[in-house]
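Novice: Sequence:
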Amino acid sequence: MDKRITLVTGASRGIGKAAALALASNGHHVIAISRSKLALEKLDDAIKAADGSATLIPMDLKDKTAFETVGQALASRFGRLDGLLGNAGILGTLGPLQTVGPRSFEETIEVNLTANWRLIRAMSPLLARSETPRAVFVTSGVVPRPRAFWGPYQASKAGLEGMIAAWADENEKTKFRINLFDPGATRTQMRADAMPGEDPMTLPTPEEIVAKLIPLLTAEETRNGERVTAKD
401 MDKRITLVTG ASRGIGKAAA LALASNGHHV IAISRSKLAL EKLDDAIKAA
451 DGSATLIPMD LKDKTAFETV GQALASRFGR LDGLLGNAGI LGTLGPLQTV
501 GPRSFEETIE VNLTANWRLI RAMSPLLARS ETPRAVFVTS GVVPRPRAFW
551 GPYQASKAGL EGMIAAWADE NEKTKFRINL FDPGATRTQM RADAMPGEDP
601 MTLPTPEEIV AKLIPLLTAE ETRNGERVTA KD
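Each number in this note's numbering corresponds to the 1-based position in the sequence shown with 400 added.
Don't read these hints as lab results, they were simulated from the structure.
Don't take each hint at face value.
[Claimed, not checked] Computed cross-link-like contacts, DSSO-like style, restricted to lysine-lysine with a CA-CA straight-line distance of at most 27 Å: (1) LYS575 to LYS448; (2) LYS573 to LYS403; (3) LYS464 to LYS448; (4) LYS462 to LYS437; (5) LYS403 to LYS448; (6) LYS462 to LYS442; (7) LYS437 to LYS464; (8) LYS575 to LYS403; (9) LYS612 to LYS403; (10) LYS575 to LYS612; (11) LYS631 to LYS612; (12) LYS612 to LYS573; (13) LYS403 to LYS437; (14) LYS442 to LYS403; (15) LYS612 to LYS442.
Bear in mind the structure is a predicted one, so any value in this text is a computation, not a measurement.
Take these sequences, add in the hints, and give me the full structure.
Specialist: Here you go:
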């Protein structure tokens, strides 16, 4: 395939959907991962309407065995991966830390942190076959500005930042370029769930935000180990 092949998790809505559409419009073949098959099919329709192309993978990131299976399937079909966007995440339970249930806490860590580690393990060999491998992971402003009642979520994102900083440093002298992206407050359902009293019309749309994200996945990107924000 002569297109860049870029995988996007959480591709069915919000920032992930906007990124998948923008990537497809910019000549990438998108590997779209989401739990919802129906939402992926709607995304595929939108991508095809814009003369783009995609491969759909319905997948729950809590499925520990799915990552290797997907990696093997992509290796057989494409032989490589040029870009990786670790976007999928959940808010978890907001509230006093001692009131958060074990199941909710563990699920938040599993989806926001551990799943990205599994993604790295499964996709690194495919990225290594690219001439210009790029990886970006979506983080949050709660890491540099921690706040009360966000314990599980900000713990998962702080862990993600530490893990990705290590991976970027390990690849400093390779062709990999690995970065973090903080979108800031964005008009998404997750933001509405977290801030129900906020006027969403005061926030930028996902489409506006991904304009700053997409360059990090291009062959021309040279930054590595940086924490890029939408305001940069």
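Novice: Next, verify each hint and record whether it holds.
Specialist: Hint-by-hint comparison with the structure:
1. LYS575 to LYS448: Distance ~31 Å between LYS575 and LYS448 Cα, so the pair is violated.
2. LYS573 to LYS403: Answer holds: LYS573 to LYS403 is near 25 Å, not above 27 Å.
3. LYS464 to LYS448: Measuring from Cα to Cα gives roughly 31 Å; hence the hint is violated.
4. LYS462 to LYS437: 16 Å, holds
5. LYS403 to LYS448: 15 Å, holds
6. LYS462 to LYS442: Holds: LYS462 and LYS442 sit about 23 Å apart, inside 27 Å.
7. LYS437 to LYS464: Holds - the C-alpha atoms of LYS464 and LYS437 are around 19 Å apart, at most 27 Å.
8. LYS575 to LYS403: Holds, at roughly 18 Å.
9. LYS612 to LYS403: Holds: LYS612 and LYS403 sit about 21 Å apart, inside 27 Å.
10. LYS575 to LYS612: The given pair, whose Cα atoms are some 22 Å apart, holds under the 27 Å limit.
11. LYS631 to LYS612: Measuring from Cα to Cα gives roughly 8 Å; hence the hint holds.
12. LYS612 to LYS573: 25 Å, holds
13. LYS403 to LYS437: 24 Å, holds
14. LYS442 to LYS403: 22 Å, holds
15. LYS612 to LYS442: Distance ~24 Å between LYS612 and LYS442 Cα, so the pair holds.
Comparing the model with each numbered hint stated earlier shows that hints 1 and 3 do not hold.
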